[in-house]
Amino acid sequence: SQQGEEDPQALSIQEGENATMNCSYKTSINNLQWYRQNSGRGLVHLILIRSNEREKHSGRLRVTLDTSKKSSSLLITASRAADTASYFCAAGGGNTPLVFGKGTRLSVIA
Amino acid sequence: ETGVTQTPRHLVMGMTNKKSLKCEQHLGHNAMYWYKQSAKKPLELMFVYNFKEQTENNSVPSRFSPECPNSSHLFLHLHTLQPEDSALYLCASSPFPQGVNEKLFFGSGTQLSVL
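In the order they appear, the protein sequences are chains D and P.
The first sequence stops at residue 325 when you use the numbering used here, and every number in between is there.
The second sequence stops at residue 118 when you use the numbering used here, and every number in between is there.
The set of hints was computed from the structure by calculation and includes no laboratory data.
Wrong hints could be hidden among the right ones.
Under the rule of at most 27 Å between Cα atoms (straight-line distance), these lysine-lysine pairs were calculated in the BS3-like manner [said to hold, decoys possible]: (1) P:K25 to D:K271; (2) D:K271 to D:K285; (3) D:K284 to P:K22; (4) P:K25 to D:K317; (5) D:K241 to P:K39; (6) D:K241 to P:K106; (7) P:K44 to D:K317; (8) P:K25 to P:K43; (9) P:K44 to D:K241; (10) P:K39 to D:K317; (11) P:K106 to P:K44; (12) P:K106 to D:K285; (13) P:K106 to D:K284; (14) P:K22 to P:K39; (15) P:K106 to P:K55; (16) P:K106 to D:K271; (17) D:K271 to D:K317; (18) D:K285 to D:K317; (19) D:K241 to D:K284; (20) P:K43 to D:K285; (21) P:K106 to D:K317; (22) D:K241 to P:K43; (23) D:K271 to D:K241; (24) D:K317 to D:K284; (25) P:K44 to D:K285.
Just so you know, these numbers come straight off a predicted model, no measurement behind them.
One chain only, chain P, in its complex shape (with noise of 0.2 Å):
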């Protein structure tokens, strides 16, 4: 148990739904991350806050849309997906922004199915 809660750790949705992925965290940590990760291919970092502004968006589609209520809690909001955003959903959080000798709790993920 890493501290960092994900639901639902399955989804299976059609393309012109509308879902939400929800993370949370109970370490008091201030940095909270979304990660993609798809077969054969590198871990994406897709959105970053820091003390719940959003620092980093690393030209994700605008169909992913990310929320950070508080330090504890982050969304990421979806809409008209498309099959290839079909993958692990991976939040993860850092006591600062990343900075020097951070290193990252991750939650279990989401399995997102996309048809």
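So here's chain D without its partners, still in its complex pose (with noise of 0.2 Å):
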């Protein structure tokens, strides 16, 4: 299985700080994704890293892969109330649908 599972499940934070997740999957992978869901919403698509890739930017987020460790962590810097939410990683490979695991939700305190 492509499934990728996060860590910590649940993470609060004061608004200003840093927010790390951890993601680790079993298989090889071509990429890694993460997503973000609000409460009772569908998720959102944040950023893509490639297999070949280690570290991405994007806005305020940074994701680094290492896949000798089958590994990927999202790291928010200087977080904000409105960052709250659950976020999701998905392993990609070949031609297999993506598969989520159960998030880490974050709360982030004004």
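Assembly of the complex is requested from the two constituent chains, each provided in isolation within its own frame, with the hints serving as guidance.
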């Protein structure tokens, strides 16, 4: 299974702090994707990192990928209350559909 | 707005009812998906349609019946559901069948409660 497993399950931080979430997966991949979900809504794609990339930035987001450890991390810098959501990783490989983990619930306290 | 619209947003049904969930995408995508999200569980992939043909059925009970009349529309027909089927049902689409570097576009979901 390509399933991503996020860690921690829940994270609570103060506004302005950085939030780091981790993801592990089991098999070889072509890409690793991160999604965000506000409560009761659909998932929104945040960023995709390819297997030959080690780091990628998008605004306040920084994603790293370590294929030797089969792990990825998502860093949100200078967090805001509006970043409160669940964050999911999903490993993409070949022609198999993405499989998601349980997600990390991030609470940013103003 | 992701370009994927799901209706209804909320649905309450009895175990003997028959209802349908609808998904429509305005993105010109060729692949569409149904996912189920239950509390404290990972997202579960249910069905995949590529160019209107079903290519994946993840051991879903027959009380869930998908229909894809064209590349823009996807339905999930529900009948004789169980209370444990209560969940958020998410539709998604992608430009091509899930392959290298494809990302998914999700609808807002239908929150289903089975009484």
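Okay, the hints, checked on the actual structure:
1. Proposed proximity of P:K25 and D:K271 is contradicted: the alpha carbons are some 36 Å apart, above 27 Å.
2. A distance of roughly 16 Å separates the Cα atoms of D:K271 and D:K285; the hinted pair therefore holds under the 27 Å criterion.
3. At roughly 45 Å between alpha-carbon atoms, D:K284 and P:K22 are farther apart than 27 Å, so this suggested pair is violated.
4. Simply put, P:K25 and D:K317 have alpha-carbon atoms about 25 Å apart, close enough for the 27 Å limit, and the pair holds.
5. Under the criterion of a C-alpha separation no larger than 27 Å, the hint pairing D:K241 with P:K39 is consistent with the structure, at around 22 Å.
6. Using a Cα cut-off of 27 Å, the hinted pair D:K241 and P:K106 holds, with the two alpha carbons roughly 20 Å apart.
7. Taking the CA atoms of P:K44 and D:K317, the gap is near 6 Å; set against the 27 Å cutoff, the hint holds.
8. Under the criterion of a C-alpha separation no larger than 27 Å, the hint pairing P:K25 with P:K43 is consistent with the structure, at around 25 Å.
9. Restraint check: the Cα-Cα separation between P:K44 and D:K241 comes to about 18 Å, which is no more than 27 Å; the hinted pair holds.
10. Restraint check for P:K39 and D:K317: satisfied, since their Cα atoms lie roughly 12 Å apart, inside the 27 Å limit.
11. Annotation: proposed proximity of P:K106 to P:K44 holds, straight-line Cα distance about 22 Å (limit 27 Å).
12. Distance restraint check for P:K106 and D:K285: the Cα-Cα separation of roughly 20 Å lies within the 27 Å cut-off, and the hinted pair is therefore satisfied.
13. About 23 Å separates the Cα atoms of P:K106 and D:K284, which keeps this hinted pair within 27 Å; it holds.
14. With a C-alpha separation of about 16 Å, the suggested pair P:K22 and P:K39 falls inside the 27 Å cut-off, and the hint holds.
15. Of the pairs offered as hints, the one joining P:K106 and P:K55 holds, with about 19 Å between alpha carbons and a cut-off of 27 Å not exceeded.
16. Our distance criterion of 27 Å between C-alpha atoms is met by P:K106 and D:K271, whose separation comes to about 16 Å.
17. Only pairs whose Cα atoms come within 27 Å are accepted, and D:K271 paired with D:K317 is accepted, the gap being roughly 23 Å.
18. Straight-line distance between C-alpha atoms of D:K285 and D:K317 comes to about 17 Å, which keeps the hinted pair within the 27 Å bound.
19. The suggested pairing of D:K241 with D:K284 holds, with an alpha-carbon distance near 10 Å, which does not exceed 27 Å.
20. Pair hint P:K43 plus D:K285 holds up; C-alpha atoms about 24 Å apart against a cutoff of 27 Å.
21. A threshold of 27 Å between alpha carbons decides the hint, and for P:K106 with D:K317 the separation of about 18 Å falls inside it, so the pair holds.
22. A hinted pair counts as satisfied when its Cα atoms are at most 27 Å apart, and D:K241 with P:K43 qualifies at roughly 21 Å.
23. Proposed proximity of D:K271 and D:K241 is supported: the alpha carbons are some 21 Å apart, at most 27 Å.
24. About 20 Å separates the Cα atoms of D:K317 and D:K284, which keeps this hinted pair within 27 Å; it holds.
25. At most 27 Å may separate the alpha-carbon atoms for a hinted pair to count; P:K44 and D:K285 meet this at roughly 22 Å.
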